[in-house]
Each structure stands twice: as C-alpha cells, then as structure tokens.
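A.B. asks: On the provided structure of chain B, position chain G as indicated by the hints.
Here the protein sequences line up with chains B and G, keeping their order. Under the working numbering, the final residue of the first sequence carries the number 539; numbering is consecutive throughout. Under the working numbering, the final residue of the second sequence carries the number 358; numbering is consecutive throughout.
Rather than coming from a laboratory, the hints here were simulated on the basis of the structure. Incorrect hints may appear among the rest.
What the hints assert, rightly or not - Computed Cβ-Cβ distance ranges for the label pairs, DEER-style: (1) G/Asp230 to B/Leu163: 24 to 30 angstroms; (2) G/Ser164 to B/Pro148: 42 to 48 angstroms; (3) G/Asp312 to B/Phe480: 35 to 41 angstroms; (4) G/Asp312 to B/Leu525: 53 to 59 angstroms; (5) G/Ala206 to B/Leu168: 46 to 52 angstroms; (6) G/His341 to B/Ala505: 46 to 52 angstroms; (7) B/Ala467 to G/Pro154: 34 to 40 angstroms; (8) G/His341 to B/Ala467: 57 to 63 angstroms.
What the hints assert, rightly or not - Residues of chain G clear of chain B, computed beta-carbon distances all greater than 12 angstroms: (9) Glu156; (10) Val166; (11) Ala198; (12) Glu200; (13) Ala274; (14) Ser282.
These numbers were taken from a predicted model, which means no experiment stands behind them. Yeah, the Cβ is synthetic: ideal placement off N, Cα and C, and Gly gets one too.
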Amino acid sequence: MSPIAALQLALRYVTRHLAQSLLLSLALGAALALPVAVRVFAKTVEREMRQRAAATPLVLGARGSALDLMLGALYFRRQPVEPVSMRQTDEVRDTGLAEVIPLHVRFRAQEFSIVGTALEYFDFRKLRVAQGHKFTRLGDCVIGAHVAAARGLKPGDFLFSSPEQVFDIAGTYPLKMRVTGVLAEAFSPDDDAVFVDVKTAWLIEGRAHGHDDLALPAATAEVLKREEGNVVGNAAVRMFNEVTDANVAGFHFHGDTADYPLTAAIVIPHDAKSEAILSGRFQDAKAVLQLIRPGDELNVVLSTVFRIEGAVIVGLGLLACAAAAISFIVFTLSFKMRAREFSTLADIGVSPRTLAAIKAFEIALIALAGIVVAGIVVMLVVQFGPALVLRSLK
Amino acid sequence: MSATTSTGIEVSGLKFAYPGESFSIRVDSLVVAPGEAVAVVGPSGCGKSTLLRVLAGLLSPEAGEVRMGGASVHHMSARALREFRLRSVGLVFQDFALLEYLTVEENVLLPMRLGGFADDATHARAGQLIEQLGIARHARRLTRELSQGERQRVAVARALAHEPRFLFADEPTASLDAARRDTVGALLIEYARANNVPLVLVTHDHALQDRFDRVVDFETLSA
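Just chain B, same shape as in the assembly (with noise of 0.2 angstroms):
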C-alpha cells in the first residue's frame, strides 16, 4: 500500500471540505494557543513595567494610593492623586541627598498626555531628540515620536492642548503649543508623551496668563479703570492662546509658584545611605508625602496579577483541554458518518492498516493547521499585546 497515496486522499478530504477544515483548525489553533499566548504576553508586559520601574529609583508624592501615584509617574496615566506643590519638592531638593525632577500629569493634546517637567527628565530616561532641539522658552513643546508619527508633527509645526471638558467655557483655553523637537522611539510611555516645561503646564492650567499690556498709555480701549499701582481691564483685552517672541514678556504667573501643584517627583538619590535617610523621613504615618519605590510596588500588582494569570491559565488549559476532545468526537462522528466510504475502500481491498494512515493523515492535517494558527496568534499577541497593554496604561 502506498502511505503517499493514503497522505494524497487524506489532504483531498480536508482541501475540498475547506470550510469545515479550517473551522475546526482555528478552534483548535486559538485553543492551543491562549494558554501560550497568555503566558508569553504576561511575560513580556511583566519585563517591561519593570524595567521602566527599575530605572525609576523613587517617587515622590501626595499620601494616597501608591499605585495611583506610580502610574501617574511613570505611564503618565491621570489618577485622582492629591497635588504636592513645588514648594514640597523643593524641600527634597534642598536636602542635598537627591536629585528631584517634578512631574505635572494632568492636561491633554488629544490622546496624548501633555507631560510637565525639567530638562533633567531626558537625561534622567535617556531619552534622545531625534528632530530639533528640546523646549527653550514657555510654550514650547518636545513630542514622542509615536505622537510625531500619528500626528504627523515635526519641529516648527504646532499642537494644541485640550479642555478638559467641552463645556468647560469658563476654563482655560487651549494653549497653541511650539513643537520645538521629535524624540527617538525608546519603546516606553515617553513615545506616547508631549513634553513641556512644567511652567508651561501651569499656563496651561490658568496659574499664568499672558494678555495686552495695559500699561501702555495707547491701551485706553480695554481699560476699565485706572486706579494707583493698579489697571482694571475690561473684557476687550486680548488673552493670548499662543506664546511667541513679540508676547512672551506678557506672560505672567499670578501668586508664588512655590505653591503651585505638580503631581509628582522622580527623587535620584545619590546613594544607598541618601535613598534610605530620605526613605526614613517618609515613614511617618501622619506625613503627608509619601516616597515609594515603584519596583516595590509594582511587585505587589504584579503578585496579584500573577495569581489571577495563574488562574486563568489553568482555565484556559481546561479550555484547550476540551477543544481537543471535542475535537476528537468530531474526528470520531466524522469517520462514523464516512463509514461506507471506509468500508468501500476495504472493499476493494485497501488494507486496514492504510484505512488507518489515512484518518491519522486527516487528523494530523488539520492539527498540523491549529499548530500553525496557534503560532500565528502567539506571534501576533507578543508582537503587539504588551504595547496595547501599556498604552491603556497612559
């Protein structure tokens, strides 16, 4: 008997039940492949939250959820974190055992987070300007390169922030940002960020504004009174939704900007013995700032997502498990239903054991095509899942 000519009739039943064949492959692929897939993508997310973590020694922040606080410092994610102001972390600074980078995470350009901070953070995350220069004057921008490529933006090109709510008349306007550089991809969250002085996400807030200047004796037309050391102007002065060269020196902040809030601190302490005396300070329960290690606390997320992972593994096993007897009793219901054509071909004289090679050839086609679709849905969900996955983070 002929085992090619078994293999040949096997792949005719399966090519010309087409439908049927692939039907029960993909089932069979995705079944095989979840337990794998879940286990591969928890892996590669689990490797990069800690290596973002890792290079984040410490934060500091408003005492609260610690989980909250991490993810708004490092994935940049708006959490409902209390405030700290400048002043706060400034005290941290002066105590010469670290160095502080402030972070204010709580406007908008779209889908994108508009990030406030010091040019010390793309030292501090390594992060290159791959187009222009980094920001130099109020109103400027530096864009992730995920934001320069979905936006098509480079640097002289212009990008609003946005309301925070769409019937928020009385709020701020939408500031006209000066994309002044484009970041190399660094495959984290800065890809996905737009970076700006943390003076200019204060603008953006409303601590600062910038307007006509009403001191000129030509500024009659929006002046409503002039009173000693004081000018009252109506609603025709101009506010200025743009910085520029010509307006810049008509910006100003209103208040000390000690007091103003960031949401967090990235602290660099400058050795072990500075990380652990800053830590010490922080420990008091009735402090109202808190100093975390994000490898810390993402060992407790991660613990509860591993139990879960481990628990929907063993199910999705179970799952895999019952596709594949199920996908038995329908090898056994089809070969039951073919019963006449096996016996036609014993018939005439095929031997038992070529009746056999063909079913195995059938069987091992289409699971021979699950394998293959099992691989292409691991391939695809370590390709893209754990980028989908930190990109919800934002």
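C.D. replies: Just chain G, lined up with the frame of chain B:
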C-alpha cells in the same frame, strides 16, 4: 484491452448466514467459465447481492467453497485476500460507493493509487474507459456533482480500470437510461469476453439479460 489469462469461478456447497439473523443463502453448485457472462436474477431480497459479496470474498461462508482461478478464496490469508481483491477483482456496487470528494478521474484511479501500482498505462486505461463511458467531459469534476447515471458509469470505470481477472457487478445499469444501459452492459460483457474473464452480474433488467451467455435464477441455485 490487453489479454488476461484466467480460469473461471467454481462454487460448491456454499452456505452463508449473517450472524444472529435467520436469513441465509445456499448455493449447491455454480460454475462460471472464463470469458462467460452470467446474469443472476431473482426477486428482491432473495440474497443475490449477498451471493455476489460472498463470491468476491467480502463475506466468509459458513460452509462450502468458492474457487477463483483455481484458488480457494476463503482459505487465503486476510492479507492475500485483500491483495487478490485489489489486483484481480473488479466490483461494481449497487450504491456506486464512490468517494464524493474525489473527481471522476481520481475515483477511477483510486484502487491503483492506494495499491501502489498506478502507472502511465493505468492512467491511459482510466482515460480510455472514461471516454468510452461518455463521462470524459466530467473527468475533472467531483462525483458529488454528477447525476446518478453518470456516477454509475464512474463506478463501472473504476471496476475495470485495473484490468481485473474476475468481475462482479450488482445492478450496474439500474440508474441508466436505455442507451446508456446498452453501452455499460456491452462494455462489461465485451471486457469479460475479450479478456477471458468470468463475469457475474446481478440484474432485474430483462433487456440486459438477453445479452448474457447464461441467465441463472437465484432460486434454482440451491435446488
């Protein structure tokens, strides 16, 4: 068609019963000479198809003997019997027994391919039979797309393609119109005569019976 040497079919003292069933058949004696075309007739359900299956070695009798070409069919080993059927016996089944997901050509060549003895000559012969039976234009079509009559002709072509030394056919013209019936009947009989092959054919078709060398009433076989 190439000449094939063959001796006839000899049946003696044959008894067969399906296990657990009261139905049985008995054939005291039947001889089909080489090149002889014998039609077996009888009422429906009398056991003609069962007799054909016993003769072809598909069923084992309780008693008696079937000799084909001098060899006792039911005393062969299972493997030898399979090989004998695959290479030496041509069978036309009542329900055609075609593989519906194969084309006409693939169905006709199937026994040779699975047996590992398909070659250029068998391909040529298969093509010739398909042509003779008037189904050449359907050669690449799946048999499930054909009419009953066309499928029956495919079954006949499959039975003849490997040049069997013994030929058995169960109602091979039941689904055919008069013209096709004549073609198929003539083809089987001509093959048997030209190749000195004994042919046993079960039929109800009176017109077809006239073409045979001998018509045997099943009822008389056990008399």
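A.B. asks: Please flag the earlier hints that this structure goes against, numbers listed from lowest up.
C.D. replies: none
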